[in-house]
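Participant: What follows is the residue order along each chain.
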Amino acid sequence: MIDTENVTCDTCTAPSEFIFDASDEISRGWPRVDIDINPFKGDFPLLSQHPEIAFLDSGATAQRPACVLEAQKRFYETMNANPLRGLYSLSVEATEAIARVRAQIAGLIGAVDERGRARANEIVFCRNASEALNIVAKGFAPHVLEPGDEVVISIMEHHSNLIPWQQVCRETGAKLVYLYPTKTGRITDEEIAAKIGSKTKIVSCGHISNVLGVENPIAKLAAAAHANGAYMVVDAAQSIPHMALDVNALDADFLAFSAHKALGPMGVGVLWGRHELLDATDPVYTGGEMIDSVTEQDAVWAPVPEKFEAGTQDAAGIYATGTALDYLVDRVGYETVREREAALVHYAMSRMVELPYVDIIGSIYWDQHHGAISFNVRGIHPHDVASIMDMDGVCIRAGHHCAQPLLTWLGVENLACCRLSVAFYNDKHDIDQFIESLDHVWHVFNG
Amino acid sequence: MGNLYTSTTFMEHSSHPDYKYEMAAPTHTHDGINPSCGDELTLSLRVEDGVVEEAAFTGHGCAISQASADIMAELITGESVEEAKRLSALFLAMIRGEELSEDDFEDLDEAAQLKDISHMPARVKCAELAWRTLDGMLAE
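Going line by line, the protein sequences match chains D and L. 1 is the number of the first residue of the first sequence in our numbering; add one for each residue after it. 1 is the number of the first residue of the second sequence in our numbering; add one for each residue after it.
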């Protein structure tokens, strides 16, 4: 068995030197799920109405099951009223619907008290993970950052967990420090010890890299942060679709995600924070519904979480987010999600390494790619690859994946790459269509 | 869009661009980049008596940016600066999805093949790069 920890792979863009050893795979165990069978596609109207499409861009946004679309409609048809404001029963019903989702999400991510009751008021609704992270960077970070302090993030961050920190560092005089992984995408204990120290006040890291698909050692980062009196922020946008989250196991102080990557509607984001920290966070937006009292010259904020939720929320979206998470967690289940995605990634990678013109970016091991495989086709610009694949009905992402510093650091040509990302609703046929299309791409340019 | 990559003309311009070389004595050079794609292009012109006597480019990028640059260089070679400006404006209008007359399409010649890019918002910048660079250069 090859020791993953000690494989030095400095060949991110040179796959001829990649090791993809069948004997090693066997020792790591093969995924056993039959991906020929797809019991889920029928739940997704777009996928079942367009069998010609192989949707392999779930890392950008998931497809929605019918139950989520119906929930959104049901909200407007049966309980539409502005939550919080009205004193009539429709408004009360809308308010309660949102409160239920708040409690549901708190329970789902382990934000519960000692008796197991959801700490619903630790759940803040906003538009997306970017906004959630901005609330922490703009509303909380300035209270703890002094000139010379350090904010630690990884080079793998999505811009949404990078630019807010650049901004707050610039404003406070703090320094933005980067964790660099090995070329297979692993942040080592040595790197953590070297970067997180007495000057560190905040550590913020993506749970799963949207480019490399690798899971970052959040609990270890949090332990190092807390040992130095710093706070741990987790960008869970790429992990909530794939795995159960527990803020206690992660030892997080703040955690952010978007509903749309986890089968929910676009435009709903969630910020979770420890109550005392949210209490110490300033609202970023002010206005309607976020106050207790207002005078001509002053205003008193409403308690957490309302003080962060200025204006009318996307109530139908929040309601449907609850339905999406019910479907993901209870109907499908994270175990099924994990098994199917592992099998899909394993099958896709084993087919991709057979193609001499495809360079896989990141780890050579299938089990290090949580749903995402980035790659390039030799000598062909990623945008051309994606445009030609589109002709074959294959939807993949191509570009810098909102992670320009990572692609710069990896030294990827054109600062761009292609990414295939799977979800449990994909099947073997989607991967076969993708592989066939790769062959098509190659032959358009190479005869 | 589907036809673009199967067009022999397009693929020929992309794979074997005749006008992609370092010019010996340009009178004008201008850089253009697409930060979102990583496309980089340096356009060189030799203008004499108000006529583009020679046009060439260097750099790298996707097939669309390369083919578009090569087609443009071929089209404006031998044209007056004023005509080059007019053709560039026509091309950019076409890529933005504006209606063009039959005569306009005829004037754009091979560049008219890129018309369907207007339906691919993500690729518009690729097609425009060389032309926007030309525009910037001639405006100076």
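Because the hints were derived from the structure by calculation, they are not lab data. All C-beta atoms in this analysis are idealised placements derived from N, C-alpha and C, irrespective of residue type, glycine included. A couple of the hints might just be wrong.
Unchecked claim - Selected chain D positions facing chain L (Cβ under 8 Å, derived; list incomplete):
{"#": "1", "residue": "176"}
{"#": "2", "residue": "387"}
{"#": "3", "residue": "416"}
What the hints assert, rightly or not - Have a look at the derived ranges for each label pair, beta carbon to beta carbon:
{"#": "4", "chain 1": "L", "residue 1": "35", "chain 2": "D", "residue 2": "279", "range": "50 to 56 Å"}
{"#": "5", "chain 1": "D", "residue 1": "428", "chain 2": "L", "residue 2": "25", "range": "57 to 63 Å"}
{"#": "6", "chain 1": "D", "residue 1": "223", "chain 2": "L", "residue 2": "7", "range": "54 to 60 Å"}
{"#": "7", "chain 1": "L", "residue 1": "102", "chain 2": "D", "residue 2": "52", "range": "17 to 23 Å"}
{"#": "8", "chain 1": "L", "residue 1": "8", "chain 2": "D", "residue 2": "436", "range": "22 to 28 Å"}
{"#": "9", "chain 1": "L", "residue 1": "80", "chain 2": "D", "residue 2": "354", "range": "52 to 58 Å"}
Participant: For every hint, state whether the structure bears it out.
Facilitator: Hint-by-hint comparison with the structure:
{"no.": "1", "hint": "176", "verdict": "violated (21 Å)"}
{"no.": "2", "hint": "387", "verdict": "holds (6 Å)"}
{"no.": "3", "hint": "416", "verdict": "holds (5 Å)"}
{"no.": "4", "hint": "L:35 x D:279: 50 to 56 Å", "verdict": "violated (40 Å)"}
{"no.": "5", "hint": "D:428 x L:25: 57 to 63 Å", "verdict": "holds (59 Å)"}
{"no.": "6", "hint": "D:223 x L:7: 54 to 60 Å", "verdict": "holds (58 Å)"}
{"no.": "7", "hint": "L:102 x D:52: 17 to 23 Å", "verdict": "violated (35 Å)"}
{"no.": "8", "hint": "L:8 x D:436: 22 to 28 Å", "verdict": "holds (23 Å)"}
{"no.": "9", "hint": "L:80 x D:354: 52 to 58 Å", "verdict": "holds (55 Å)"}
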